[in-house]
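Chemist: If you want the building blocks of each chain, they are given just below.
There are 2 protein chains.
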Amino acid sequence: MPLGGTRVVDLTRILAGPFCTMLLADMGADVVKVEAPGAGDPVRRQGAIKHGVSWYFAQFNRNKRSLTLDLRSDEGKRVLARMLAGADVLVENYRPGVLAEMGFGAERLKAINPELVVTSVNGFGATGPYADRPAFDFIAQAMSGFMSVNGKADDEPLRAAPPLSDLVAGLYAAYGTVCALLARGRLGAGGGQRVEASLNNGLISLMAYLSAETLATGQVPKRTGNDHPIVSPYGLFRAADGEIAVAASHDGIVRRFLAALGLEALLERPEFADNAARMRNRAAINALIDEKVGQDSVAGWIERLNAAGVPCGRVQDLNDVFADPQVLAQEMVLEIEHPGRGPVKVTGFPVKLERTPARVRHPAPELGQHSGEVLAEYGFAAAEIAALKAAGAV
Amino acid sequence: MPLGGTRVVDLTRILAGPFCTMLLADMGADVVKVEAPGAGDPVRRQGAIKHGVSWYFAQFNRNKRSLTLDLRSDEGKRVLARMLAGADVLVENYRPGVLAEMGFGAERLKAINPELVVTSVNGFGATGPYADRPAFDFIAQAMSGFMSVNGKADDEPLRAAPPLSDLVAGLYAAYGTVCALLARGRLGAGGGQRVEASLNNGLISLMAYLSAETLATGQVPKRTGNDHPIVSPYGLFRAADGEIAVAASHDGIVRRFLAALGLEALLERPEFADNAARMRNRAAINALIDEKVGQDSVAGWIERLNAAGVPCGRVQDLNDVFADPQVLAQEMVLEIEHPGRGPVKVTGFPVKLERTPARVRHPAPELGQHSGEVLAEYGFAAAEIAALKAAGAV
Numbered sequence: 001m002p003l004g005g006t007r008v009v010d011l012t013r014i015l016a017g018p019f020c021t022m023l024l025a026d027m028g029a030d031v032v033k034v035e036a037p038g039a040g041d042p043v044r045r046q047g048a049i050k051h052g053v054s055w056y057f058a059q060f061n062r063n064k065r066s067l068t069l070d071l072r073s074d075e076g077k078r079v080l081a082r083m084l085a086g087a088d089v090l091v092e093n094y095r096p097g098v099l100a101e102m103g104f105g106a107e108r109l110k111a112i113n114p115e116l117v118v119t120s121v122n123g124f125g126a127t128g129p130y131a132d133r134p135a136f137d138f139i140a141q142a143m144s145g146f147m148s149v150n151g152k153a154d155d156e157p158l159r160a161a162p163p164l165s166d167l168v169a170g171l172y173a174a175y176g177t178v179c180a181l182l183a184r185g186r187l188g189a190g191g192g193q194r195v196e197a198s199l200n201n202g203l204i205s206l207m208a209y210l211s212a213e214t215l216a217t218g219q220v221p222k223r224t225g226n227d228h229p230i231v232s233p234y235g236l237f238r239a240a241d242g243e244i245a246v247a248a249s250h251d252g253i254v255r256r257f258l259a260a261l262g263l264e265a266l267l268e269r270p271e272f273a274d275n276a277a278r279m280r281n282r283a284a285i286n287a288l289i290d291e292k293v294g295q296d297s298v299a300g301w302i303e304r305l306n307a308a309g310v311p312c313g314r315v316q317d318l319n320d321v322f323a324d325p326q327v328l329a330q331e332m333v334l335e336i337e338h339p340g341r342g343p344v345k346v347t348g349f350p351v352k353l354e355r356t357p358a359r360v361r362h363p364a365p366e367l368g369q370h371s372g373e374v375l376a377e378y379g380f381a382a383a384e385i386a387a388l389k390a391a392g393a394v
Numbered sequence: 001m002p003l004g005g006t007r008v009v010d011l012t013r014i015l016a017g018p019f020c021t022m023l024l025a026d027m028g029a030d031v032v033k034v035e036a037p038g039a040g041d042p043v044r045r046q047g048a049i050k051h052g053v054s055w056y057f058a059q060f061n062r063n064k065r066s067l068t069l070d071l072r073s074d075e076g077k078r079v080l081a082r083m084l085a086g087a088d089v090l091v092e093n094y095r096p097g098v099l100a101e102m103g104f105g106a107e108r109l110k111a112i113n114p115e116l117v118v119t120s121v122n123g124f125g126a127t128g129p130y131a132d133r134p135a136f137d138f139i140a141q142a143m144s145g146f147m148s149v150n151g152k153a154d155d156e157p158l159r160a161a162p163p164l165s166d167l168v169a170g171l172y173a174a175y176g177t178v179c180a181l182l183a184r185g186r187l188g189a190g191g192g193q194r195v196e197a198s199l200n201n202g203l204i205s206l207m208a209y210l211s212a213e214t215l216a217t218g219q220v221p222k223r224t225g226n227d228h229p230i231v232s233p234y235g236l237f238r239a240a241d242g243e244i245a246v247a248a249s250h251d252g253i254v255r256r257f258l259a260a261l262g263l264e265a266l267l268e269r270p271e272f273a274d275n276a277a278r279m280r281n282r283a284a285i286n287a288l289i290d291e292k293v294g295q296d297s298v299a300g301w302i303e304r305l306n307a308a309g310v311p312c313g314r315v316q317d318l319n320d321v322f323a324d325p326q327v328l329a330q331e332m333v334l335e336i337e338h339p340g341r342g343p344v345k346v347t348g349f350p351v352k353l354e355r356t357p358a359r360v361r362h363p364a365p366e367l368g369q370h371s372g373e374v375l376a377e378y379g380f381a382a383a384e385i386a387a388l389k390a391a392g393a394v
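Those protein sequences? They're chains H and E, same order as listed.
For reference, each letter of the first sequence is one residue, going 1 to 394 in the working numbering.
For reference, each letter of the second sequence is one residue, going 1 to 394 in the working numbering.
With the rest of the complex left out, here is chain H (with noise of 0.2 Å):
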């Protein structure tokens, strides 16, 4: 696998800090939770609980190794410091600087490893007056104009019920951390670095071209809910037993979506021949191709329209996603075994890499599961692992 080999320390809990890490881990990283001896992640207890076991946990924490480890002690930070000379890559999400109180600052760091890689998740980077602030994605849906362009046109800014900023976060930190191990090849001896990502930046980064007309203009984006802000027809429309989408982003498309509907006569009218005078009169032809698409159901449109390429979607809620043919064609929901728990599922692997695939190689552990085995690998002798268990420092 990519990663196979790789060893990381993971300090990381609840959700930005722990998709990085399972990004990693699902290329073959071998990653060890480490988790406070008796509580762990609090993500273990949140969210339906079945057999004892968090499904919520168990999708972001799989293909992972759990050790507890009792950070607040000298023994426990010993253990850590000895672990880190061994591994490839330390991830945390920790505040800025907490690492650094805790004994573990960047020189000591460097002192201890010069090699390892350093990723750190956080709310909106290690510098700049708001590096203190803690991070949470809604502040940071707020913060990063996210929210000032979703929403309806006569409603407030909306935050998306996704916490999208923890997982966009979680992934560039992945990214980096890649792109880190492959520097690290080319840098020679002492090849560690530091690498980054916050909730903020990310979600910045993901505005695309409305970031590019705000910067160009000045002018800010208005919320336009489903329609586009530019093109007419397109949006949401209501089939007698459910929504579909519709995508018809040129003239082209709009011909055939109409021709579809029996509606091709409307672009005689002079009120729709363009898309100017659509966009001066989408109240009207939005009402009139509802009409039509109130008569069917979704499943015949969406067949009808994409035999004339018409780009379209049922607007699908999670039951739906998750019974959708294609979306089990490509093995996005996964069943996962937890001995003695029964199965789990689990969203599946969105990157594809056909020759070295990420898989399943393990559930999400137990609390502590592998601590002996993971204490063993990383060099400790029998005779501490039970003093250390005895000590109550795992």
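Fair warning: there could be bad hints in the mix.
One copy or two, it doesn't matter: identical chains are merged, so the pair holds either way.
What the hints assert, rightly or not - When the alpha-carbon atoms are kept at most 25 Å apart in a straight line, the in silico SDA-like pairs for lysine to any residue are as follows: (1) K389 <-> A259; (2) K389 <-> E75; (3) K152 <-> N286; (4) K345 <-> P229; (5) K345 <-> V220; (6) K292 <-> H250; (7) K292 <-> D241; (8) K292 <-> I385.
What the hints contain is simulated information worked out from the structure, not anything from laboratory work.
Note that the structure is a prediction, hence the values are computed from the model and not measured.
With chain H fixed as given, assemble chain E onto it according to the hints.
Modeler: Leaving out everything else, chain E in the frame of chain H:
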């Protein structure tokens, strides 16, 4: 730089693919953007254009070079084949099957260069019943389940304005490409392989705990607008001159939040005494908070709440974002000089590497600006290049 010396032949256009190759170029890869003679990437003509430069194009094509090549001509195809023989990576975002129709199917590519990493970005993946459907961000937002959880409780499913699925797919494709480059070193001779990311799979992977809950319970999440589904108070509040977002994610923060507002006494009242009670009376407590928040400015509240340790942020529009001192401190706005066309502002690098940082090496290219030098570097003689130009293939 991490990808210095990595030769990328880039057949992509519009957004998802170009974002992937921008991420590779930002990390030092030599990306040659192959464009149709005379026309080039349609994004060159989209969005705000100043001094002849599309700022949208400039943002997503920085650090690349441009080669014009007529891929419909036999001569153009022969040039591409020769280039691929010397390249490390090919990136394409055609519909599945189109590259093979052009004469570059998997077998042929392997014959040309068994070391080649072939990265595809498409709508739904190259296999399965919807593989051939055209890919649009809006359709992926509908089909992935994203729209079903975006929006207010009493409204219809809502798309987000930024083309999230395009950018997320591009980011996964870049991650997969770099992983495949790492794998190539381990696979030995002939270590190339196919890499694929899709708009739909990428967005599905961002559903986070929402997907875990649905997979565990069969229940689909309700849309809740800016309200947190299980925490109150939490959300958007209206100051005298704008909105603030507050994430009071647990009881300790709720107490600090209400204390900062001078409303701590509310917690003594049975209808607001605990989270369950506050969820039942969310409208009432939100109204009381809004009344108080409306008495001061955004800046006043942000300062006071941050001092009190309450996660909060200003709801910023994109002009606010690009003037935000944190965003500027993080260098998330870059100014790139386009010779003869003046400076262009683009968003910065969302992942930071300490020793081998991403940087602007050159602006987005003029159409065909590097045709001659690229062909020379790929081994074409001056006479060949002249003949190709004369024939209109370049």
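Chemist: For every hint, state whether the structure bears it out.
Modeler: Each hint, compared with the structure:
1. K389 <-> A259: neither (73 Å within a copy, 43 Å between copies)
2. K389 <-> E75: within (11 Å within a copy, 70 Å between copies)
3. K152 <-> N286: This pair counts as both: shortest intra-copy Cα distance 16 Å, inter-copy 21 Å.
4. K345 <-> P229: Between copies, since 23 Å is at most 25 Å while 38 Å is not.
5. K345 <-> V220: The answer is between: 15 Å across copies meets 25 Å, while 42 Å in one copy does not.
6. K292 <-> H250: Answer is within: at 21 Å inside a copy they meet the 25 Å cutoff, but 49 Å across does not.
7. K292 <-> D241: The answer is within: 13 Å in one copy meets 25 Å, while 44 Å across copies does not.
8. K292 <-> I385: For K292 and I385, neither the intra-copy (72 Å) nor the inter-copy (56 Å) Cα distance is at most 25 Å.
Hint compliance for this structure: hints 1, 8 are broken, all remaining hints hold.
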